[in-house]
Amino acid sequence: MAITQQQRSAAAAKAAATRRANKAAGITNPSKRGGPAFATPKPTSREHRMIVLAALTDLLAVRQAETGITQDARDAYAKFQKLLALALGPTANAAMQTEADSALRMAAVTLVKLAF
Amino acid sequence: MNTNNDGLATTATSALDKLNKALAKSGLDDLVKARTQRALLLVDCSGSMADTIRHGEERKIDALRKVVSTLRETRAFPMAAFGVRCAGQVEVVDTVPEPQGGTPLDLAIEFATAQGANKLVVVTDGEPNDERMALRAASAFGGPIDVFYIGDGNDRGYRFCVELAKQTGGTCGLTDLNGDKKALAGKIQLALGDGSEAI
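In order, the protein sequence lines correspond to chains A and B. Just so you know, the first sequence maps onto residues 1 to 116 in the numbering used here. Just so you know, the second sequence maps onto residues 1001 to 1199 in the numbering used here.
Same shape as in the complex, but just chain B (with noise of 0.2 Å):
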């Protein structure tokens, strides 16, 4: 809180503004939500993300990359990438690296935990390097996953993320990356929410 006279008249406005959105909230259930949510955006950088995609010549990484230019358009979002060749295998990234290594899905929620983050949402393209650990690791979270699986949905890769946003009380999307890129964008912005009135 700024109680020095200088910044005194912003921060009361803000502060009514704050009060505003107090009152427009359905409940507490919502206020909580809104103020305490820190959502992360985990990319997967994997080596496949380098094919191109289905039906078309770009790569699945440029279409992504263009999605979340899109997404940044609108507002400033952490994101960490994962499968990326670092110490952990992932970090905290603004641009999207490119796709090289493989797909540990695990130390990417773990990193998230670590982060202070209560909320992921994904875009993966394939099936982690370990399920079992990928599961134990998103219980250990607690927060809700919503996942954007980049694929037909006829594979275990798909399967599996439904599993994993189904145990974490999220939502599984799919996506061809081949549609548009702003839709998608829109979609991915809703699932991290707007993060206008996180404290």
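Bound-form chain A, shown alone (with noise of 0.2 Å):
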């Protein structure tokens, strides 16, 4: 279908509009946005495995608190401590990394079975 002299005249008047607002706005190229795409840094699986950690604990001290603190508890908290230290230590190279990331996994288990 063809355009009309009509619709043609509109859509100029409309993009000379759009040229107008952006020089009053002092946007010289539209097209060009700059700084980054994202507000906030690339979420890492490493962020949202402390968190889920953290929230154990405190689901951990609530159930404890409501249950009673058992020797057993205690021993299996006492081995879930060692493991976080050494998740949380420093690493100096990819085997200790990969320790690392083990107690980690660890740990984990070792409050779910304590806090569930």
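Some clues are possibly wrong.
Partial selection, computed: residues in chain A whose CB lies under 10 Å from chain B [said to hold, decoys possible]:
1) Thr44
2) Ala65
3) Ala87
Distance condition first, Cα-Cα at most 20 Å in a straight line; then the derived SDA-like pairs of lysine to any residue [stated by the list, open to error]:
4) B:Lys1018 / A:Asn93
5) B:Lys1021 / A:Val52
6) B:Lys1025 / A:Ala78
7) B:Lys1021 / A:Thr110
8) A:Lys79 / B:Arg1075
9) B:Lys1018 / A:Arg49
10) B:Lys1182 / B:Ile1053
Everything labelled a hint here was simulated from the structure, so no lab data went into it. Just so you know, even glycine gets a beta-carbon here, dropped at the ideal spot from N, CA and C.
Dock chain to chain to rebuild the complex, using the hints, since each chain is given by itself in its own frame.
See below:
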């Protein structure tokens, strides 16, 4: 379908109005926004693991307060602390990082068993 | 737990901080205490608090206000006043009100129980309206009650406070409010706990 003269005039008027608005707003090249595309850094699995683990310690504290602390729970928590220390400690190479990741997994499993 | 991306970085930092604190605990008992403690300060605003401090010109209530003000400089904590003129004679307050009523300690402990507190720090200068009811309320409360008794420690009021603390597994301290206000504030702060980990 061919564009009529009236439609062509309307489109031209609209484009001119947009150019005037951009100029008034100080936008010289509207196709470039600049800056980062996302306001926040890309989420990492490590951050989420820490959040979940911290929430699990909260759950554990509340559960133990409700049910009473047993010696088995104390022992399991001591084991969790050792694993967590290993998981959060500094890592100098890939092998140590793998060990820390493994400790983190085991710490999480220990905590889930304790808290649920 | 905040899973929204906007707060993720902050949440992850506080989560790591929480885990490091869990690591620093001596054991599970410590963790449970730090995360679940809900301490409430109960201040006595009975008529006798309008009396002046022994060997001093300041009113007890004014000295107590200074202590509370020093405490609040370091951290916010919930506080309730008992012996005040309101419906239940106990209410949550931001500042220590003027002294006016009796010493309904039993009502104050029941109020704290209803509020969900599990640790109490009481600052009082006298015998409660009903000792038996107060001890019964303390027993139902279930948590420790630390008492700071204002007086010379040679009276019935003090002996009751010692019994109350002993019954609940708390401690009883003695103060004349005449000494170093900061030192007393520090002791009360210690009894309240730092509260930084409470869920």
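Okay, the hints, checked on the actual structure:
1. Interface restraint check for A:Thr44: the shortest CB-CB distance to chain B comes to about 8 Å, inside 10 Å, so the restraint holds.
2. Interface restraint check for A:Ala65: the shortest CB-CB distance to chain B comes to about 4 Å, inside 10 Å, so the restraint holds.
3. Hint status for A:Ala87: holds, given a least beta-carbon distance of 9 Å to chain B, under 10 Å.
4. For the proposed pair B:Lys1018 and A:Asn93, the alpha carbon gap of about 26 Å is over 20 Å, so the pair is violated.
5. Between B:Lys1021 and A:Val52, the direct Cα distance comes to roughly 15 Å. Compliance with the 20 Å bound is thereby established for this hinted pair.
6. Between B:Lys1025 and A:Ala78, the direct Cα distance comes to roughly 10 Å. Compliance with the 20 Å bound is thereby established for this hinted pair.
7. Restraint check for B:Lys1021 and A:Thr110: the C-alpha separation of about 18 Å stays at or below 20 Å, so the hint holds.
8. About 34 Å separates the Cα atoms of A:Lys79 and B:Arg1075, which puts this hinted pair outside 20 Å; it is violated.
9. Taking the CA atoms of B:Lys1018 and A:Arg49, the gap is near 13 Å; set against the 20 Å cutoff, the hint holds.
10. For the suggested pair B:Lys1182 and B:Ile1053, the alpha carbons sit about 17 Å apart, so the restraint of at most 20 Å is met.
Hint violations for this structure: numbers 4, 8, all remaining hints satisfied.
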